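**Student:** One letter stands for each residue in the lines below.
2 protein chains.
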Amino acid sequence: MSLSKEEIADWFRQLQLHICSELESEDGKAKFEEDSWERPGGGGGHTRVIQHGNVFEKGGVNFSAVHGELTEPIMKALELNDRNFFATGVSIVIHPHNPFVPIIHMNVRYFELGDGTYWFGGGIDLTPHYVQTDDAKFFHQQLKNTCDRFDANYYPEFKRWADDYFFIKHRKETRGIGGIFFDRLKEDAGHSKQQIWEFVKAVGETFAPTYRSIVSRNKNASYTDSNLKWRNLRRGRYVEFNLVYDKGTKFGLETDGRIESILMSLPENASWVYDFRPTKNSLEADTLNRLIKGVDWAAG
Amino acid sequence: MSLSKEEIADWFRQLQLHICSELESEDGKAKFEEDSWERPGGGGGHTRVIQHGNVFEKGGVNFSAVHGELTEPIMKALELNDRNFFATGVSIVIHPHNPFVPIIHMNVRYFELGDGTYWFGGGIDLTPHYVQTDDAKFFHQQLKNTCDRFDANYYPEFKRWADDYFFIKHRKETRGIGGIFFDRLKEDAGHSKQQIWEFVKAVGETFAPTYRSIVSRNKNASYTDSNLKWRNLRRGRYVEFNLVYDKGTKFGLETDGRIESILMSLPENASWVYDFRPTKNSLEADTLNRLIKGVDWAAG
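Note that the protein sequences, when read in sequence, are chains X and G.
Residue numbering for the first sequence is 0 to 299, as defined by numbering that gives the first Met the number 0.
Residue numbering for the second sequence is 0 to 299, as defined by numbering that gives the first Met the number 0.
Same shape as in the complex, but just chain X (with noise of 0.2 Å):
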């Protein structure tokens, strides 16, 4: 039997499920509250918003599956033939309380047309406030790991996506140390849909036991209020790069989406200091020399 949409969101909600359960259990105190709303258009999705925890001071992990007729602008601007469209997927921003846990985005996402063209998406992205060797490696090592059991090319094709896409070109700064990016993927001459489901399935489940393993390591780190005002300088450039340049975000904009579920990736608090410059040879100074593309995390 040939895969549904029915199928892939249903899954897709119980991913996350999954993942908000995971995440309680690593915060040890706050529970996921989830707002169901619908679509006037057609559909509709539940956010599920976790605040004020142990660990994660805010984090959204959002379900949708909604359905209806594109305008014409945007079927102009996807390249697109048809106009009833059906789009599913989850979407995760975690911000963490301690400057040492990284933030963590996650989306993956199947979208479909009337006329049958359809394609999956997504990708996991890190923000570390402060960039730890063993952690980078530790996240791209997992990422390929998922990547290789599908494609040799995925990982390197996917992780440079990455590096391009989750870049803040104004700042001249990747946002984190990336992670992978795909788009437009579907089925070809060596990969069935199922396959390729299969792999946008394994990369669903990579989140959770790859970010918990670093919030675990982290999580209990002692930190003074410097390291305090950089997190919220580091979360000013998450804003900077949601707003300007995330399609995500940009597309909910501009289509009139549930506004509090889009912009439930943005942080609690954030900060900006006019021409801040941390001190030579500081740990802020080192995370920002750090922030460019192109480095090879799963290297060695």
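Simulated from the structure, these hints should not be mistaken for lab results.
Keep in mind that this is a model prediction, so the values were computed, not measured.
Cβ coordinates follow ideal geometry from the N, Cα and C atoms, glycine included.
Just so you know, not all the hints are guaranteed correct.
[What the hints assert, rightly or not] A few chain X residues that face chain G, going by a derived Cβ cut-off under 7 Å, partial list only:
1) V48
2) H169
3) L242
4) L252
5) I258
6) E259
7) M263
8) L265
9) E267
10) N268
11) A269
12) S270
13) W271
14) Y273
15) D274
With chain X fixed as given, assemble chain G onto it according to the hints.
**Tutor:** Quick look at chain G alone, frame taken from chain X:
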């Protein structure tokens, strides 16, 4: 003798220094620090920033006078026929500490091309964290008085323009209580270039006494932690407007402008809370209800 671009730039630079001196007097503690910078393509500017004052947490008063060659995409977007440009102006954003002192923004600018095309633009708008009727009426009345000295149509036209421009579409909220906004103002049957310049100068001169009056009335108001939280949420909205909609910011980011001067408009601290809803009948709820277009503050 006809008005030269040097004369305009010199006056803008003096306006910058005058406004900084007025704001320092109002603050009573902090002083502006000046960074002078050169633009690789031609010209430069002086960025003046005040931080951690008695009254002002973070504020910037920028002057620039730049020249060079426009790129093809920008010429096309602005519908221009000459590549050689000159642009000068003063741009201000002030974020006060006290939640009962409003954020203010002003911009006055002049643009000229090698073929003689020119225009003036500008505006002043007020963003109270709490909308207070007396302040709002006073602010709009001052702007109206200035406009009315030059053209009875200016205030109604430029007030409507500000309502439309300073609008956060995705929130369906105005950024604040508006003010005036105008662009591409040049000589016509009713106004010479000199007369328009006198109007632009008058707008610039309206800033300091008007804002000082509002600041001095509110700077000693007592406030609670809950007022500060609300202030930071409203600052979050300010960030959303500036990064998503503000044309000056977008233009600066896209043309590789001096980032620290462009983003000095962002507050030291901003906050986002998932689906925050003010208590019924609270001051916060009252403010939200008044962040709408079309309020005739200068009436009566």
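**Student:** If a hint holds in the structure, say so; if it does not, say that too.
**Tutor:** Hints, verified against the model:
no.: 1; hint: V48; in the structure: holds (5 Å)
no.: 2; hint: H169; in the structure: holds (4 Å)
no.: 3; hint: L242; in the structure: holds (4 Å)
no.: 4; hint: L252; in the structure: holds (4 Å)
no.: 5; hint: I258; in the structure: holds (5 Å)
no.: 6; hint: E259; in the structure: holds (5 Å)
no.: 7; hint: M263; in the structure: holds (5 Å)
no.: 8; hint: L265; in the structure: holds (4 Å)
no.: 9; hint: E267; in the structure: holds (6 Å)
no.: 10; hint: N268; in the structure: holds (5 Å)
no.: 11; hint: A269; in the structure: holds (5 Å)
no.: 12; hint: S270; in the structure: holds (5 Å)
no.: 13; hint: W271; in the structure: holds (4 Å)
no.: 14; hint: Y273; in the structure: holds (5 Å)
no.: 15; hint: D274; in the structure: holds (5 Å)
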